[in-house]
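Residue numbers (my numbering), protein chains in the order written: chain B, 1 to 333; chain S, 334 to 652; chain A, 653 to 1068.
Heads up, some of the hints might be wrong.
Said to hold, decoys possible - Below are the EDC-like pairs computed for lysine to aspartate or glutamate, each with C-alpha atoms no more than 16 Å apart in a straight line:
1) S:K342 x B:E296
2) B:K198 x A:E923
3) S:K342 x B:D293
4) A:K669 x S:D476
5) S:K342 x B:D223
6) B:K198 x A:D920
7) B:K198 x A:E737
8) S:K554 x A:E919
9) B:K270 x A:E852
10) S:K554 x A:E852
11) B:K270 x A:E851
12) A:K668 x S:D341
What the hints contain is simulated information worked out from the structure, not anything from laboratory work.
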Amino acid sequence: MSLLTVDELTVTFGGRGRKESRAVDGVSFEVDQGQVVGLVGESGCGKSVTSLALMGLLPHKGVTVGGRAEFDGTDLFTMSPSARRDLRGRKMAMIFQDPLSSLNPVVPVGVQVTEILERHRGLKGGAARKEAAHLLDRVGIPDPTRRLKEYPHQLSGGMRQRALIAMAVACAPRMLIADEPTTALDVTIQAQILELLKELVDQEGTALLMITHDLGVVAGLCDQVNVLYAGKVVESAGRRELFAHPTHPYAHGLLGSIPRLDSPRGESLKPIRGSINDRIAWADGCAFAPRCDRYEMGCLTGTPQLTEPRAAGHQVRCVNPVLDDAKAEEVPA
Amino acid sequence: MSVATKTDKIQRLAELAATKETATGASLWREAFRRLKHSKMAIIGAVIIALFIVLAIVGPYIAPYSPTAQTWRGEVFPNRGEFVGARGENWFGLDHLGRDLFSRFLVGARQTLLVGIVATTIGLIIGFVIGGLAGAFATLGGDTGKRIDSVIMRFIDIMLAMPSLLLAVSIAAVMGQSLTAVMIAVGVVQIPVFARLLRGSMLAQGTSDYVLAAQSLGLRKRRIVLSQVIPNSLSPVIVQATLSLATAIIEAAALSYLGLGNPDPAIPEWGVMLTQAQRFFDNAPMMAVYPAVGIIITALGFTLLGEAMREALDPKLRG
Amino acid sequence: MSLLELDGVKVHFPIKKGVLFGRTVGHVYAVDGVSLKVEAGETYGLVGESGCGKTTLGRSVLRLVDITEGSVVLDGTDLAKLPGEEMRRFRRRLQMVFQDPLGSLNPRQNIESILSEGMVAHGIGKDQEERREKIKSILDKVGLPSNALSRYPHEFSGGQRQRIGIARALVLEPDVIICDEPVSALDVSVQAQVINLLEELQEELGLTYLVIAHDLAVVRHISDTIGVMYLGSLVEEAPSDALYAEPKHPYTKALMSAVPVPDPEVEDRRERILLTGDLPSPANPPSGCRFHTRCPWVQERCSTERPELRDVGGGHRVACHYADEIESGALKRTRPTDIEAVTETEGVVTEQPEGATEVSVALLPADSTTKPDPEVVKERVSSAVEARSDQTADAVVKDADAANPNASGKTSDETD
């Protein structure tokens, strides 16, 4: 059985007089022990909201969460708030995009790490400090005993993200949720952090749910990839399968529209037209239809279902998928 | 594919997509106003203010009696602590000189409103000019400009450091006891508030990308300040103006209470009425309650509207 | 002659303290001697990480920041020396497209007003009618409907806003457009639209671009020539393809190996040069070669002598003493590249005692495969301090100490 099973998750904002908007519209996926699963999509596709819903960090007012999410045999959405709090940090931990605003600016890093150890692992005083130093060392922060006394603003962006990762892995959680963990960082630092995450997954067997907009990051890190568009998974496949045969026109188009470092110069990009605002309701048809080159009348007869038109385990939500292998780019030898 | 189905396809798509709101070319001010109309706080505030303004206009005409005539003089004996409370003839009762309190309350609204508006306007205009100059020098004046700004702001700091009531008392003392003195005193106290607010807001806008863009377009500095920086810095100043109206009325009342207000008994004003009432508070508390409640409700009205405007103008809540 | 020539441009921002009469306590060396040439009709891409000074350099070309030293020559006129009003008028010929499409548009002006303002300032068009016609034709060029005129910036999507930003630059018919991170704030699917638009406009109108971006893939896609910046100076400059095929500067190599490619086949094969630590503070740059604190090939000479940008043939310029030796493999790495080490961050650098000594991780054995004991590291560092204290007394402390070499032996030179 999977460590985390998300089944038809929906998150609706608004209500009570204001217009309702459905940020997540029936998302299902699974994460296994030691697996890296990617949720990929652009702003407004519902990837971050999904992660917040799983962590139970959405505001209570004006938000309705539906569907089921089972973690390690227990249903996350029906458990008591205190049990949820206990689970959070101990078994599930999150790494956020902006390391500076995720750390308390007026408390030394060390105190923030030991706090978690005291609360979840019952360590006290010296033992907690020793363990905190060990954790910082584990995530590659040099001279950890000195760093523990420093404040977040004294650390560089990369170091802050490492400190956050240290806090997240403090209780050896079974699952990490990383929401755009490298978006705020420079590429050379990003490479360092991705390497660290890979190492954690390899060595500790932690499951990682990676939320990102960067297909490059996904290609190097994720085992299983879910592409989200307007709150629904439109394509889900193993990493090699997805990048070799992007089958949903959105995923296909996305890969064709990214300038690649290794693509020959002068090769023009094939952009997807319009913007995320050009969409129709999933109830009426495919939300991507207004931007799609392969749009047919058939796209407008209700919500398209996930099918496996190409290979087993490669799910695509499209009535007119890209099956001819006119791949936008070939890997140069 | 035939042409007909292609048009069908596009039409069907357009129908489905048309359900969402389309942009209309509404400016931010108009959008803020639209949000304001949906705010309960704004509506309550606006109703109170409207009633107050109506009262200020028609008060003297609907007052049942003259506010100055001591018609019931023979019935009130302050020395012996004998007063006349509310009764059919005089709804709010009589004051210590036997005048009809209800009529004085109605007529006094105009004077009170005048004090609030004039005082705030004085503070707003002078504060706006000083703050605007400082802000303009600080954002686009280079090093020299920053120095000029520094000097202006230190001067403002000194003004701000003086206790506002003391400043008002000294102005009133220098100018003598008059309504004008009260209005100027209350207005001057507001100057640093407006100046700092506008300058701060301009500094924040001055570093924004669109100001940089305007510079790179080659616009003249004066034009950048007037068409880019100031319009975007106005929101907090407008909100402050509404809030200041409330405090101005209360401060003017406080000055009147201290006996620095209008000495002319012919013109009733809520603050003055409150001052007069305090002497007889033990025996006739209601004499103080009417003007006090009037001042409080009016101040509340302006505060509610101000807070609602602050919310409506907040760019973070846009959309 | 090139259309735009920068020669030894320096932009130093004073760090001031004090209330009324600020005294200067130091400088941020944002741009520290950059020379480059942009040919007419071509695209020059400036790439580098945050804090490398690329944005400041772009702004200095427009004199939006004061140039401390050096010259910016556009078509024979040195902009660095132009008096204020002449510079203002000259700005018509140099326009800018900004990173944040919403932030760079005045939220209280409608599109017509935003686009006509620059034309009014430079006396383009007789009356509003004529200007409106021109604006309409430009809007059409950038792919916006003409009913956009009466609408406000917040009513558009990100991609459309960036089109407005481009239109604003275009109405003035500039010679050079400086694009500062033109697509990084946009959604992935929209980035390509804007990149293609910039390319089409260049073809149609013969525009010259100076594109500033952190995304090497984007820069490589649109640029003819690429300059790589590190800590205020150019470390390498080459034609786009040459730079990709043969990056010569160690920093360029590392940068290229760090850019993720959306292809698992490529990602799994390539080797990373993981740089140690972070960018040093531009307020307190390292001595000698700015990159020597993180360079995998660092040598003695690098910490004392600053390398000049020198031509290595084929329009390829590189600022590295040992580029050829690294290329030929004659020079071995002095620092394991996948260690996780750190340099001081800005907040800490200022707290370092004066005359602190430099410590290089090069003193650690490069082939060490076990995690060093912290005590041992401390010892090595302190002995290093002693050993070096006589040579570089005024250098910055860079305690890139606790090395954590990975046993997997990723020591291959570059991506293939």
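These are the hints, each one checked on the structure:
1. S:K342 x B:E296: Given that 16 Å is the threshold and the Cα spacing comes to 7 Å, the pair holds.
2. B:K198 x A:E923: Roughly 15 Å separates the two Cα atoms, so the pair holds.
3. S:K342 x B:D293: holds (12 Å)
4. A:K669 x S:D476: Within the cut-off at roughly 14 Å; holds.
5. S:K342 x B:D223: violated (38 Å)
6. B:K198 x A:D920: Status holds; Cα separation ~13 Å.
7. B:K198 x A:E737: violated (56 Å)
8. S:K554 x A:E919: Cα-Cα ~51 Å, so violated.
9. B:K270 x A:E852: holds (13 Å)
10. S:K554 x A:E852: violated (34 Å)
11. B:K270 x A:E851: holds (13 Å)
12. A:K668 x S:D341: Cα-Cα ~67 Å, so violated.
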